[in-house]
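There are 2 protein chains.
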Amino acid sequence: MQPKAITIRELYARHSQGEDLSALPPVLLEGWIRTNRDSGSIGFISLNDGTCFKNLQVVYNDKLEGHDVVSHLLTGAAISVYGKIVLTPEMKQPFEIHAEKVEVLGDCSADYPLQKKRHTFEYLRDEAYLRPRTNTFAAVFRVRSVLALGIHEFFQGKGFVYVHTPEITGNDAEGAGQVFTLMTPDAEGKLSDTEFFGRRASMTVSGQLHVEAFAMAFRDVYTFGPTFRAEKSNTTRHASEFWMIEPEIAFADLEDDMDLMEECIKFCVRYVMEKCPDEMAFFNERIAPGLFDKLNAVLEKPFRRMEYTEGIQILQDAVKAGHKFENPKIEWGMDLQSEHERYLTEEVVKGPVFLINYPKEIKAFYMRENDDGKTVAACDCLVPGEGEIIGGSQREERYEILEKKMEAIGNKEGLEWYLNLRKWGGCIHSGFGIGFDRLLMYLTGISNIRDTEPYPRTSSQLKY
Amino acid sequence: MQPKAITIRELYARHSQGEDLSALPPVLLEGWIRTNRDSGSIGFISLNDGTCFKNLQVVYNDKLEGHDVVSHLLTGAAISVYGKIVLTPEMKQPFEIHAEKVEVLGDCSADYPLQKKRHTFEYLRDEAYLRPRTNTFAAVFRVRSVLALGIHEFFQGKGFVYVHTPEITGNDAEGAGQVFTLMTPDAEGKLSDTEFFGRRASMTVSGQLHVEAFAMAFRDVYTFGPTFRAEKSNTTRHASEFWMIEPEIAFADLEDDMDLMEECIKFCVRYVMEKCPDEMAFFNERIAPGLFDKLNAVLEKPFRRMEYTEGIQILQDAVKAGHKFENPKIEWGMDLQSEHERYLTEEVVKGPVFLINYPKEIKAFYMRENDDGKTVAACDCLVPGEGEIIGGSQREERYEILEKKMEAIGNKEGLEWYLNLRKWGGCIHSGFGIGFDRLLMYLTGISNIRDTEPYPRTSSQLKY
Chain V
77 MQPKAITIRE LYARHSQGED LSALPPVLLE GWIRTNRDSG SIGFISLNDG
127 TCFKNLQVVY NDKLEGHDVV SHLLTGAAIS VYGKIVLTPE MKQPFEIHAE
177 KVEVLGDCSA DYPLQKKRHT FEYLRDEAYL RPRTNTFAAV FRVRSVLALG
227 IHEFFQGKGF VYVHTPEITG NDAEGAGQVF TLMTPDAEGK LSDTEFFGRR
277 ASMTVSGQLH VEAFAMAFRD VYTFGPTFRA EKSNTTRHAS EFWMIEPEIA
327 FADLEDDMDL MEECIKFCVR YVMEKCPDEM AFFNERIAPG LFDKLNAVLE
377 KPFRRMEYTE GIQILQDAVK AGHKFENPKI EWGMDLQSEH ERYLTEEVVK
427 GPVFLINYPK EIKAFYMREN DDGKTVAACD CLVPGEGEII GGSQREERYE
477 ILEKKMEAIG NKEGLEWYLN LRKWGGCIHS GFGIGFDRLL MYLTGISNIR
527 DTEPYPRTSS QLKY
Chain U
77 MQPKAITIRE LYARHSQGED LSALPPVLLE GWIRTNRDSG SIGFISLNDG
127 TCFKNLQVVY NDKLEGHDVV SHLLTGAAIS VYGKIVLTPE MKQPFEIHAE
177 KVEVLGDCSA DYPLQKKRHT FEYLRDEAYL RPRTNTFAAV FRVRSVLALG
227 IHEFFQGKGF VYVHTPEITG NDAEGAGQVF TLMTPDAEGK LSDTEFFGRR
277 ASMTVSGQLH VEAFAMAFRD VYTFGPTFRA EKSNTTRHAS EFWMIEPEIA
327 FADLEDDMDL MEECIKFCVR YVMEKCPDEM AFFNERIAPG LFDKLNAVLE
377 KPFRRMEYTE GIQILQDAVK AGHKFENPKI EWGMDLQSEH ERYLTEEVVK
427 GPVFLINYPK EIKAFYMREN DDGKTVAACD CLVPGEGEII GGSQREERYE
477 ILEKKMEAIG NKEGLEWYLN LRKWGGCIHS GFGIGFDRLL MYLTGISNIR
527 DTEPYPRTSS QLKY
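From first to last, the protein sequence lines stand for chains V and U.
At position 299 of the first sequence the residue is numbered 375 (my numbering), and the sequence of numbers has no breaks.
At position 36 of the second sequence the residue is numbered 112 (my numbering), and the sequence of numbers has no breaks.
Everything labelled a hint here was simulated from the structure, so no lab data went into it.
A hint or two may mislead.
Same chains, same names: a pair is fine if it fits in one copy or spans any two.
Stated by the list, open to error - Each computed DSS-like pair below joins lysine-lysine, with the alpha-carbon atoms no more than 30 Å apart:
no.	residue 1	residue 2
1	480	439
2	193	480
3	351	234
4	234	308
5	405	342
6	192	481
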């Protein structure tokens with residue numbers, strides 16, 4: 077075994093803690109060449125070892141053993157470098173390494189698809205398994221990783237219990253949405269949809285119904301896992317497989333629910349800003365100028381809370397005042413389009429807003445009916461630049477009302493257990509769902525959901 | 077809105093920090109009745125609010141408003157209790173609450189399936205959505221939640237990047253194992269297996285191949301997500317849906333891999349012991365006597381490392397010496413049965429042992445061939461009481477050798493991208509997989525995998 081390598085992350089950490097890295101004995105690094113240019117007597121390799129966003133500059137000269145090989149190494153090659161760290165306070169990077177020895181750990185042939193030049197996101201999507209080697213995707217996927225931990229820290233720090241709700245299900249939370257049905261070969265080798273479980277099974281579209289049962293045991297719970305939609309929506313915001321965060325809180329009404337949503341969003345903003353400063357600065361500079369302003373504005377003040385009915389009134393007034401919507405027919409009872417949501421959050425509130433108490437006809441069966449008999453205790457959180465980012469509701473805890481609704485839409489069969497939760501210690505409770513990939517889009521400024529997912533799955537796309 | 081309730085968790089935390097809870101003004105609690113017994117002048121409710129393993133005793137007398145209703149409340153009902161905390165240093169529980177007001181938040185009818193008496197695990201499995209309300213399952217699912225966070229803390233604390241490898245895949249890591257195929261309706265409404273993605277897709281059995289690509293960008297990565305097997309293995313250790321942890325480390329050989337496995341297992345043991353003391357004590361006393369001894373033994377010394385070849389020799393010697401195996405035919409080249417693994421770890425090593433360098437014929441195509449031409453750099457970690465708990469290997473990083481193997485088993489088509497990783501900066505790398513549910517079985521002493529999963533999925537079982 078070789079002496080243990082040091083990582084670029086550790087070098088930067090120790091440097092920023094004030095340690096004089098030039099006092100170190102020679103160190104060993106391992107990583108991949110981002111660029112290599114040699115001018116005869118002196119050469120420079122930009123080395124990335126995957127442990128941090130920044131590269132390390134490797135300086136070598138023509139006295140280096142194997143100089144001819146090293147100077148011809150191509151972008152993408154894996155190497156180890158042994159040498160002294162030298163401080164370069166007058167340069168952009170604070171230190172570099174002067175190579176005494178360079179070893180090739182994994183060569184890279186000239187047909188490597190990621191050459192120095194800039195590639196489009198479309199091109200890189202086609203090389204999904206290689207794109208984490210680029211700056212943009214290294215940043216996206218590190219933030220994705222860090223934010224996932226942040227989600228767990230947020231909820232478990234508040235005592236929530238994480239529940240792995242099932243991926244395979246016989247139910248379908250929304251009562252709508254196309255699903256993937258599971259098949260296994262029967263005795264003759266023919267695909268059957270009932271052979272394995274004895275009934276039809278599909279991939280879940282939401283863990284909410286299942287996690288509600290756990291809220292009736294643990295009070296505060298959340299799921300965080302993949303969900304699936306077999307929808308052929310070819311938009312920048314839809315994927316067939318994505319991760320959802322679904323908290324559920326007992327003894328809690330819609331107000332408590334909104335308090336939690338707001339705290340959660342603000343936590344996530346602060347978390348990625350603090351934990352991924354290099355990556356976030358990159359997004360702010362290169363991907364979505366103005367990102368920091370947008371995110372800082374979220375932190376500044378409490379989110380507005382506005383009745384759906386008031387929202388409709390404001391939109392109708394805007395039309396009268398001459399504002400042009402693509403869908404100008406605004407009337408109470410309609411589902412708002414993205415342009416309407418964005419008008420409210422961007423032009424009216426100029427910040428995040430909860431729209432609450434929607435007409436019951438356009439919302440799911442499990443949402444709690446308000447006393448007006450027309451609306452349910454649902455809320456959508458709308459944010460500038462994105463529109464809806466979270467949907468939540470207080471759940472219907474009254475057995476008879478819920479039963480009537482389920483009978484009306486015909487989904488009571490198979491969901492008797494869900495109804496039973498209202499019979500045996502069922503208290504008021506609320507919850508919400510955040511699409512993790514969309515949250516990531518919002519926090520990074522990445523505008524296509526396919527560019528936030530390691531291997532995106534959409535209709536007709538299953539390359540890897 | 078009511079005054080905010082305090083939780084039982086918070087009461088215990090503040091009490092154990094030395095705070096005098098009897099000095100508090102009256103507090104509000106919300107929770108569910110575990111038991112309620114009334115002797116006329118005085119009554120006792122054992123209240124659980126889901127926030128901690130312990131219950132709180134609620135004492136009420138016949139002066140209580142609505143005493144008649146309260147004294148008849150049944151197990152399972154949701155209530156709020158307002159009253160003073162009273163210290164009871166001479167009792168088993170350190171404090172109780174003297175109710176000044178009890179409100180019914182959600183009644184519970186007499187047909188509630190979880191009555192006071194003890195239920196079998198089989199019975200409770202059939203009521204999966206209710207069982208987190210029992211002591212055993214409250215403990216299991218809290219440890220599951222806490223351990224999941226622990227896994228993330230362990231890996232991210234070491235700089236690993238968490239990768240959401242895809243659940244829907246066109247590949248199949250092991251080249252074996254029955255899979256669930258995905259179907260969607262075609263234009264005529266008939267289920268089709270190619271209509272959606274344009275090719276056949278199935279649920280993943282492992283994220284390893286996909287995560288290897290990310291190790292070539294981030295150095296140290298891991299997946300942690302659901303995986304699926306459409307196997308009709310009706311054993312206590314098999315489920316159709318389970319969560320896997322799959323770390324992958326670049327610039328690392330099998331030794332490094334084993335170091336990481338050992339560190340990870342020891343971390344997990346320490347983590348649950350420290351973070352869930354009440355739950356772990358319950359398992360040790362009620363579920364698996366001797367659990368603490370078993371777990372403490374794991375922490376004590378370095379794990380043994382033993383060649384597969386040596387293991388075979390030891391087993392053959394044991395047979396000669398008269399040890400009775402159900403499968404007594406031991407020969408080099410065979411796959412060890414559970415009884416053999418357990419003999420090695422329980423009788424020979426008397427502790428955890430890594431068995432390394434297995435015959436290549438019985439291991440997966442991606443494992444690195446050793447110089448002997450007969451074995452691969454694979455290892456299984458065997459632990460007393462369980463047998464194999466982790467499987468890992470150094471991966472084949474040599475293009476030509478890997479290509480030949482993939483051609484031989486006919487899985488090169490569709491996996492060219494995986495092979496390409498060896499062409500473009502592919503360095504030595506290693507990884508392993510831990511079944512999260514099995515790890516949980518090991519740490520809690522729960523002997524059936526169905527009792528570690530919130531809603532277990534096995535063949536013919538899809539009730540919820």
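State the violated hints by number, sorted upward, taking the hints as numbered earlier in the document. Checked against the structure, the hints that fail are numbers 2, 4, 5, 6, while the rest are satisfied.
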